[in-house]
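2 protein chains.
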Amino acid sequence: MSRAYVASVGMTQVGEHWRKSLLDLMVEASLQAMNACPSIVPDRVIVGNMFSGAGSNQEQLGAYLASQLNLVGVPAYKVEGACGSGGAAVHNGYLSVKADESEAVLVCGVEKMKDLDVGRATAALAMADSAEYTQFVGATFISLNALTHAMYVKKHGVAKEEMAGFPVLGHRNAASARHSMFKRPITVEDVIRSPIISDPIRLMDSSPICDGAAALLIVNERKAKELGDVMVEVAASEVAANLFTIYERPDPLDYVATRAAAGRALAKAGVKIGQVDFIEVHDAFSVTAALALESMGVSGPGQAPKDVTKGRFNLDGELPINTFGGLKGRGHPVGATGVYQVAEAYLQVSGKAERNQVKGAKVGMTHNMGGVDTTTSVHILRREG
Amino acid sequence: MSRAYVASVGMTQVGEHWRKSLLDLMVEASLQAMNACPSIVPDRVIVGNMFSGAGSNQEQLGAYLASQLNLVGVPAYKVEGACGSGGAAVHNGYLSVKADESEAVLVCGVEKMKDLDVGRATAALAMADSAEYTQFVGATFISLNALTHAMYVKKHGVAKEEMAGFPVLGHRNAASARHSMFKRPITVEDVIRSPIISDPIRLMDSSPICDGAAALLIVNERKAKELGDVMVEVAASEVAANLFTIYERPDPLDYVATRAAAGRALAKAGVKIGQVDFIEVHDAFSVTAALALESMGVSGPGQAPKDVTKGRFNLDGELPINTFGGLKGRGHPVGATGVYQVAEAYLQVSGKAERNQVKGAKVGMTHNMGGVDTTTSVHILRREG
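Protein chains in written order, with this note's numbering: chain A, 1 to 385; chain B, 1 to 385.
Okay, chain A solo, but in the shape it has when bound (with noise of 0.2 Å):
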C-alpha cells in the first residue's frame, strides 16, 4: 500500500470562456499539470463534474479526456457529488495510488456553467436537493442557503457587516492570483449595498457562476522520490455524507459531514487542527464558510464572521483562508472546485504560491461540500522534510 503524493497541478483561469469547450478546459488544465512531470504517463483519468450532462449533453468524460490526451487503455470515469464532485474526484484518485492499482493518476475536475442562462444554471444547481421534493415545491440551492444564513443571523445575532468579511476576503486574496476569476478588491460597503439574491443572501455573498477546470498528477511513493521535487503528501482525504436535505436535520446549522470528514482527516493525518497552516473552505455563499468553519472547531458557534472581520484569517493572520480567494474570488466551476481547492494548497504547501503565499506553509486542508453540507470531502496536505 502506497501513500500518496501530488506531484504537480495545472488550472485555467475561472472565468467566462466562451471559445472554450468542456473538452477544451480539461486538456489544457490537464495538460499544465502533465507538462510539469514530463517523464510520467498517467496510468488512470478520474474527471470531477457535477452536471455536463444536464448542461452540455455531454457524459463520459472520463474516456473523453484519456482519449484526447491519447492515454488509451487507462481506466477512465467520472466522479459526481454535486459541488463536491471535485473533493470527490480526489479522493478517488488517492484511493487508487493507496489499494496500488496506479501509480500516476490525472484527477481533473471541469465545470462549464455559463453556457447555461441564469434560471438554466439555478435548475441544474438545484439537481444537487431532491427532484421529488425540494425542486418541486421550488426551492434552489441559493433559498436553501438562504434559509440557514437567516437561521444563522438570527441564533447568533451576527451583523452584516461581519458576515462581508469572507466575501472582502476572498475578492483580497483573488486580486492578487494569476487563476481567478475577480481580480477587484471589494469593500464592506460593496458587499452590503449589492442586490438581495435570495433573502437575506446578496449577490457579493454569492460565488459566481462560471467555467474552468483544474487537475492534478497524484503518484505514489516511488514515483514522486523519482521526481525529486519537493514532497506533498495527500496525507488524508476523507469524504462523508450527511442527511440529504436541510430540512430533514435535527439543526441545520450544523455540517455534521463538514465534523465527520475533517474530524476523520484530522485524526488520520496525526494533525491538530491548530497545526493546519491554512483551510481552503467552501464559501459558496458567505454563511456556508462561517458554519463550516464552526463546524470543524475553527471558530467557536457565530464567531466565525467576527474571526474573518478582524482578520485572523487574512494571509498573514494566525490561520489564512482562501487563500486564493476562494469560491467567492477565485470562483466557483462547480464539480471543479474541489480539485482547485487541492491544487491551491499544493502551492502553498510547496511554496509555489507566488504573490499569495502563507509564509512557512507546510500542512493545509481542503474543504469541498456538494449540497449543503450533503457530499462533503476534505483533504489534507503536507510538506515532507
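There's no promise every hint is true.
Since copy identity is lost for identical chains, a pair holds within one copy or between any two.
Pairs of lysine-lysine residues, derived as BS3-like cross-links and limited to a Cα-Cα distance of at most 30 Å, are as follows [what the hints assert, rightly or not]:
1. 223 x 268
2. 310 x 20
3. 225 x 268
4. 362 x 114
5. 225 x 20
6. 272 x 362
7. 306 x 20
8. 306 x 359
9. 359 x 268
The hints are simulated quantities; they were obtained by calculation from the structure and are not laboratory data. Please read these numbers as outputs of a predicted model, since none were measured by experiment.
With chain A's structure known, arrange chain B on it following the hints.
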C-alpha cells in the same frame, strides 16, 4: 491491503417502473443486499448511474441513497462512465476495499429511462459520444453501432440468421430469470422479421429502454469470513478507455478497451479465458456481443455469431454467456447494467442461480461497456474452496 469479496446482492426486476422513483429503485435493491447480511453496516456508498441529471433532474445520488439508508457520515458519490457506469462503480468499491479505506461498501447501479420518451432517451444515450461532433451531425448511439454492424457483416459475410442467435439466447435465458424484463422466448424468425430501427440493426437486436437498480455489498476478507457464507472473491476489476468515438479508431471492429480490460483482468486473476465458466457480455446490440467476444479472444474473427448459433454459448454449452438474459433479455437500465452483471455472476459462482444455474460454475467474468467500447470494465468473480 485486503482482498475484496461480494457478500450479497440485490436486484429489482428490470422493467417499466412507472410508480417507482430513482430513489425507490435504489433503496429496493440496496435493502435486498443489506438484509441478506444484517450484521454488516456499509461504511461507503457508491452509485453507478449515467443520466439521472439529464433524465430526472437529480444528481448527488450517492448521498441521496446514503441518507435514505440513514448511513450518515459515510463517503458517498456517484461514478459515471455512460452505459459502463455500473462496472466503474463496482471497480470503485473494489478499490476502496483494496486500499483498506472501507470494510463494507454498498455499490448500487440505477437508471430510470422510461420516464423519457424515445427521442429524449435517444438523446440521453447519445451523451456517451461527443456533443460537439457526433451528436451535432445527428448520429445516435444506435446509429454508431449500426455502422459497426454493417462493417462487421460486410467484412465477415455473417448471415442475419446467425446474428439473431444472440437475442434468441438472451430471451431464452431471461425467460427463467426472476429479475429479467422479458419472459417470452423468441425465434430467429422473430428477430429477422422485427422492424429495422437503424439499418441494419433491428428492434430485436437491441436491448430495451427500461428501469432498474442492482446492488452489491463488497466486503474485505475479514468481514467475508465472519459471514461464514460461500466466499466469492472479486479476483480482478479492470477498467479501460478507448479512443472516444469509433471514427477515430484505426479499426472500429477492434474493441481495444475490451481486449485491454479482459487481458489485464485475466492476468491479475491468474486465469486463462478457457478457465472461465461463463461470461456476462455487454450485448447492448447483437453486434456488440459478437465484437466483444471476438476481441476478448473467445471466438475467432467473424465466428461469434456462428458459435452462438451452434449452441456454444447456451446455458449448457461449452461457455455459457448472459446466463440471465444479458442486456437484451434481462434488460439494460444503462448505469445499472454493470452491477446487474456482477450480481448475476455472484449468483452463479455461489450456486444461487436457481433455474439459470451454470453447473459447477466457479469462475465468472463480466463485461460492461460505456459507449461503443469506450469505457469498458471487466470483473472476474471466483468462488473460493
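Each hint, compared with the structure:
1. Taking the shortest alpha-carbon separations for residue 223 and residue 268, both the intra-copy value of 23 Å and the inter-copy value of 22 Å come in at or below 30 Å.
2. With identical chains, the CA atoms of residue 310 and residue 20 are never at most 30 Å apart, being 40 Å at best within one copy and 52 Å at best between copies.
3. Taking identical chains as interchangeable, the C-alpha atoms of residue 225 and residue 268 lie at most 30 Å apart whether they share a chain (22 Å) or sit on different chains (27 Å).
4. Taking identical chains as interchangeable, the C-alpha atoms of residue 362 and residue 114 are never at most 30 Å apart, the minima being 36 Å within one chain and 52 Å between chains.
5. Within a single copy, residue 225 and residue 20 get their C-alpha atoms no closer than 35 Å, and across copies no closer than 52 Å, so neither meets the 30 Å cut-off.
6. In the homo-oligomer, the alpha carbons of residue 272 and residue 362 lie at most 30 Å apart inside one protomer (13 Å), although the nearest pairing across protomers, at 49 Å, exceeds that limit.
7. For the homomeric pair residue 306 and residue 20, neither the shortest alpha-carbon distance inside one copy (40 Å) nor that between copies (48 Å) is at most 30 Å.
8. When the C-alpha separation of residue 306 and residue 359 is checked against a cutoff of 30 Å, the pair qualifies only within one copy, where the shortest distance is 23 Å, while the shortest distance between copies is 70 Å.
9. In this homomeric assembly, residue 359 and residue 268 come within 30 Å of each other (Cα to Cα) only inside a single copy, at 25 Å, whereas the closest approach across copies is 47 Å.
In the structure shown, a violation is registered for the earlier hints numbered 2, 4, 5, 7, in ascending order.
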